[in-house]
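*Asks:* Chain by chain, the residues run as shown.
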Amino acid sequence: MPDLLDQPALDAVRDEALAAFAAAPDLSALAALKATTVGDKSPLARARQAVGALPKDQKADAGKRVNAVAQALGRAFDDRRQALEAERDARVLVEEAVDVTVLPSRPVGARHPLTTIQERIVDVFVGMGWELAEGPELEHAWFNFDALNVPAHHPAREEQDTLWVDPPGSGLLLRTQTSPVQVRSLLDRELPVYVVCPGRVFRNEAQDATHSPVFGQLEGLCVDEGITMAHLRGTLDAYAAAMFGEGTTTRLRPNYFPFTEPSAELDLQCFSCRGASAVPGGEPCRVCSSEGWIEVGGCGMVNPAVLRACGVDPERYSGFAFGMGLDRTLMFRHGITDIRDLYEGDVRFTLPFGLEA
Amino acid sequence: MRVPLSWLRTLVPALSASADDVAAALVRAGLEVEQVHRYGDDVRSVVVGEVLDVEELTGFKKPIRFCHVDVGTRSHEVVCGARNFAAGDRVAFALPGASLPGGFEIATRQTYGRTSDGMICSEAELGLSDESDGILVLAPDAPLGVDVVEHLSLRDEVLDIAVTPDRGYTLSVRGVAREVATAFGLELVDPGLAPAAPATDDGPPVTLQDDGCTRYVARLVTGLDPAAPSPAWLQRRLVLAGMRPISLAVDVTNHVMLELGQPLHAFDADRLQGGITVRRALAGERLTTLDGKDRALDEADLVIADTSGAVAVAGVMGGAATEVTATTTTLLLESARFEPVAIAKTARRHRLPSEASKRYERGVDPALAPAAAEAAVRLLVEHGGATAGPVTDVDSRPAQPVLAFPVGAPERIAGRPYARDVVVGRLQDVGCTVTGEGDVVEVVPPSWRPDLTGTAELVEEVVRLEGYDTIPVALPSAPAGRGLTRQQGLRRTASRALAAGGLVEVVTPPFVGEQAVDLFGAGGPSPRLVNPLSAEQALLRPSLLPGLLAALARNASRGLADVALFETGPVFLGAGGSAPTPGVDGPPTPEQRAALDAALPAQPRHAGVVLTGAPASWDAAVSALVDLGRALGLVLVPRALQQDPFHPGRCAELLLDGRRVGLAGELHPRVVATLGLPARTCAAEADLDVLVEAAAALDPVRAPVVSHYPPSSVDVALVVEAAVAAADVEAALRSGAGELLEDLHLFDVFTGPQVGEGRRSLAYALRFRAPDRTLTDVEVLGARDAAVALAGERTGAVLRA
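Protein sequence lines correspond, in order, to chains A and B. Residue numbering for the first sequence follows my numbering, starting at 1 and increasing by one per position. Residue numbering for the second sequence follows my numbering, starting at 358 and increasing by one per position.
Fair warning: there could be bad hints in the mix.
[Stated by the list, open to error] Every beta carbon over 12 Å from chain A, so not counted as near; a handful from chain B, in silico:
#1 Val494
#2 Asn888
#3 Glu1050
[Unchecked claim] To be clear about the criterion: a stretch of chain A counts as covered by chain B if any three or more of its residues have a C-beta under 8 Å from a C-beta of chain B, and this derived list gives those stretches:
#4 60-68
#5 266-277
#6 292-299
[Unchecked claim] Straight-line distance between alpha carbons at most 20 Å, and here's what the computed DMTMM-like set of lysine to aspartate or glutamate pairs gives:
#7 A:Lys34 <-> A:Glu16
#8 B:Lys715 <-> B:Asp490
#9 B:Lys715 <-> A:Glu159
#10 B:Lys702 <-> A:Glu158
#11 B:Lys715 <-> A:Glu158
#12 A:Lys41 <-> A:Glu87
#13 A:Lys64 <-> A:Asp40
#14 B:Lys715 <-> A:Asp161
#15 B:Lys702 <-> A:Glu159
#16 A:Lys34 <-> A:Asp78
#17 B:Lys418 <-> B:Asp517
#18 A:Lys59 <-> A:Glu16
#19 A:Lys64 <-> A:Glu159
#20 A:Lys41 <-> A:Asp3
#21 A:Lys34 <-> A:Asp11
#22 A:Lys56 <-> A:Glu16
#23 A:Lys34 <-> A:Asp15
#24 B:Lys702 <-> A:Asp161
Rather than coming from a laboratory, the hints here were simulated on the basis of the structure. Glycine included, every Cβ here is placed at the ideal spot set by N, Cα and C.
Just chain A, with the same shape it has in the complex (with noise of 0.2 Å):
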């Protein structure tokens, strides 16, 4: 038997062998040992040539021995290489590091506070059944004062109120109110109507920081058979609570509005305080400068004048209607202490509303 297949050389040379992998430093150097541990003119194969040399009698033992350490060489590469893989791919992965906070500056857009504000009070009434009513801008004088009862000499129709289109006499005016869109919606529409009108409406007012001749309302209108004021409080209380807060809740003060009767001055309880800042002894509130209440709008019963005016008979039907300032509810639930910033357009004021605010 030659030398080459005694027990102790086959160890030698397996023990050299695993002794090179183990010392291989990355995956090229691994690569090159095949030759010289496994190829074709390692020892290994010149052992596997003597065992075929060997008298037949001698084969199967010499071969078993031979194939052991073949294997376990083969084994011990294979372990090696992934080894080696893992290492190198560790390290890749930690070279391929980023700073994951420096991000693509893209511009930052956001919409404006009295859009978001207006969709999400509409959505509180789309979520009782109403409609959301629309209606143009510059109206005629039918819609916007006859039709509500404001009588021809009432104050509210002269130059100093309202901004008349030429030619003067031609009854057109941009709107002073979206209640128009009432009107609208009694003449186009099938009875039971109940509709939330949104938009901007103007007046012959100065700007300063807290009048604008441009500014929000949201009006919403119930006519139907057998509407009374406790529906009117019950729907107001049901905004309030959804807009503000379970338990927020409202307050009717009589007042006097052509289109109403009765009418109602309407107040929301602060949201801030809830009222607490006007119990002796509370808290000062800013929202509400400590009276507990803020004054949000105005509100009443559809005067039948109003509903014989839109086609609509007040033996039978009966309404309410409502109304309040987009632009006063924006500032007391934000903060905004100057109406002129939301028609100037900064893009300061802005921003931090983002697409829902």
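Go by the hints and put chain B onto chain A.
*Replies:* Just chain B now, kept in the frame of chain A:
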């Protein structure tokens, strides 16, 4: 209307509630109490003193006096700048340590080289009036050393009430007292129902020639002492109510007006010529009013005239020629009822809102005239030594209406039951007479409530007096909602898409000037305001861009270089027409309605975009609209266009199925310069209504067949004349490639000597795929060649060598 609580208590003697409780009760009843003013509490240690001597100090910039003031227990040295007093006068003297309204503390100090050991007070310093000339000189019998707060009854509370147009009766202590009495269930002593001297045969002649006056009481008062002062209590009431005391005659008329709500006018009877006539002004008639202005009267103005012509603008302002003066001893007192509309129009026409016109405009109680005149005459007799003279009362007022009122009406409106006796009782509380026993009663409203004209108004009285807070809370059952319309939802989608694309929304006023219409209008007229807020911006916008660009410029001026804005909203196209105003007894007829709608100019909603700084490029502007279209499910195709106000080489029209729906690009440098905008400002505008309607009309999307076979990709580089639009080349490639084309996009644009002068190379990547098989090379190259061939045919494109 300012109502002193002390005055209120004279009409509701049993009233014991505090001012705050009274205010709360009035608010609950529908009177708007804006504020409760308190007087007197902030005046401490001010006593009645007598000026012992006066020494004039000289050598200072202004005249200064040094005096001694006796306060009963001792005398104080004091330096005073006022000059309207003399030794022996009694004055309000603030002792050292005194405090005055506004937190002023009085201390002993050295001034003008003397010691000033206190202060002689003016009315303003005591909070009695807003301003005063000189110090307050008290009556000679004012007791020395007594607290001035007690002596002058300074301690009082005043309710400041904002009066709505329907509640003219609350422009009087009487009217407010009625509400207070009702609220607290107390008795009202109504001075409006006090007996008055009846008309006499020898009363001043009065002729009513116009139905603008339905009641005229004229009373002569003789022997008035023109120098007699108004009593201090009366002056104090006027001051607390916000009026200035002037003279006894004027103060008395004002006092009666404040207490009863009946404006009175006092003529100097000796300066009137002949009898009184109430009529409309004559053509060309003029009158110099009390304020010294010579006014041209309008033929619609109601006037009081004597034989010389107009002597007063009825219910608004008296004339200077018949004014009561410091020598007047004979008065003709007018207590009349004029029609609200006539007075309102005249007051507005002459810009003369007055305390009188304010009341007449809201309707004065026509039954009140005799009692009011009587009250004034009594005061003049008592305090001016006058004698009551003859009386005239011309009364042509119509009878009070009788209203049929269903007692169930309040329940039907309020949604809660009201007992019959509650309904009737509440109507009686406001002064109505109620008769009848059935379900429908007859109600006669009181003369001071012209606003009570029908069932709805009477219902309000019952419901408000019972309290709005007693109305239950219920939700109406709206029919199953249809939600937002498709168009309304799509408009929200558009708004979100624009913002998500990096644009900041603005809301700008619609007012623009001629220049903006010239630059951005479509050529047609724009609506013009009769009474614009600013003469330079008298037109309504034909485009969103002027407002957007103004906002952009404002941002730029505030140091913000990169600005991208959008706005959605209506523009106004056409000047608008004119339509007669239909009546309101029923709905307009179809013809009337059509005329009303036809009078309005078109007001389509647009979407506008402006960009400057880093976001600004012509392609960003075009993309903004393409992306907007995509968000709505629409394909907008840009096509080059030369159109003001855009750069002629950098403007695209956006086409939807071949129809123009928007414009986008870089603004013309001339426009940029004219408007003072940052260089290279870009803009885009589209008709949002058209986009939304088109999107709403889209058929449901047909799902594509997703092929599972492998794709085949080929690139082609085509050389075209520089003026050829890439979009045209692309469209031709798409058509030519046929159904096997899955995707196509432009990935390179190249110009240079290799492709020749005036030409450019466009490189496209084409991806082909079949739904049912793997394509062969022959099929793919065939499709590519067909695509290139059609591009060549339509655009002159040739394959780059």
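*Asks:* Look at each hint and say if it fits the structure.
*Replies:* Verification of the supplied hints:
1. Val494: holds (41 Å)
2. Asn888: Nearest chain A Cβ is 4 Å from B:Asn888, so the label is violated.
3. Glu1050: holds (14 Å)
4. 60-68: With 0 residues closer than 8 Å to chain B, the region 60-68 of chain A misses the three-residue bar; violated.
5. 266-277: Answer violated; 0 residues pass the 8 Å Cβ test.
6. 292-299: Contact hint for the region 292-299 of chain A vs chain B: violated, 0 residues under 8 Å.
7. A:Lys34 <-> A:Glu16: OK: A:Lys34 and A:Glu16 at ~13 Å, within 20 Å.
8. B:Lys715 <-> B:Asp490: This hinted pair is violated, its Cα atoms lying about 29 Å apart.
9. B:Lys715 <-> A:Glu159: holds (19 Å)
10. B:Lys702 <-> A:Glu158: Holds, because 10 Å separates the two Cα atoms, which is no more than 20 Å.
11. B:Lys715 <-> A:Glu158: With a Cα-Cα distance of about 16 Å, the restraint between B:Lys715 and A:Glu158 holds, given a limit of 20 Å.
12. A:Lys41 <-> A:Glu87: Judged against 20 Å, a Cα distance of about 30 Å means the pair is violated.
13. A:Lys64 <-> A:Asp40: holds (19 Å)
14. B:Lys715 <-> A:Asp161: OK: B:Lys715 and A:Asp161 at ~18 Å, within 20 Å.
15. B:Lys702 <-> A:Glu159: holds (13 Å)
16. A:Lys34 <-> A:Asp78: holds (11 Å)
17. B:Lys418 <-> B:Asp517: Answer violated: B:Lys418 to B:Asp517 is near 42 Å, above 20 Å.
18. A:Lys59 <-> A:Glu16: violated (24 Å)
19. A:Lys64 <-> A:Glu159: violated (114 Å)
20. A:Lys41 <-> A:Asp3: holds (17 Å)
21. A:Lys34 <-> A:Asp11: holds (18 Å)
22. A:Lys56 <-> A:Glu16: violated (29 Å)
23. A:Lys34 <-> A:Asp15: Satisfied, since the Cα-Cα distance of roughly 15 Å is no more than 20 Å.
24. B:Lys702 <-> A:Asp161: With Cα atoms ~15 Å apart, B:Lys702 and A:Asp161 stay inside 20 Å; holds.
When held up to the earlier numbered hints, the structure conflicts with 2, 4, 5, 6, 8, 12, 17, 18, 19 and 22 and fits the remainder.
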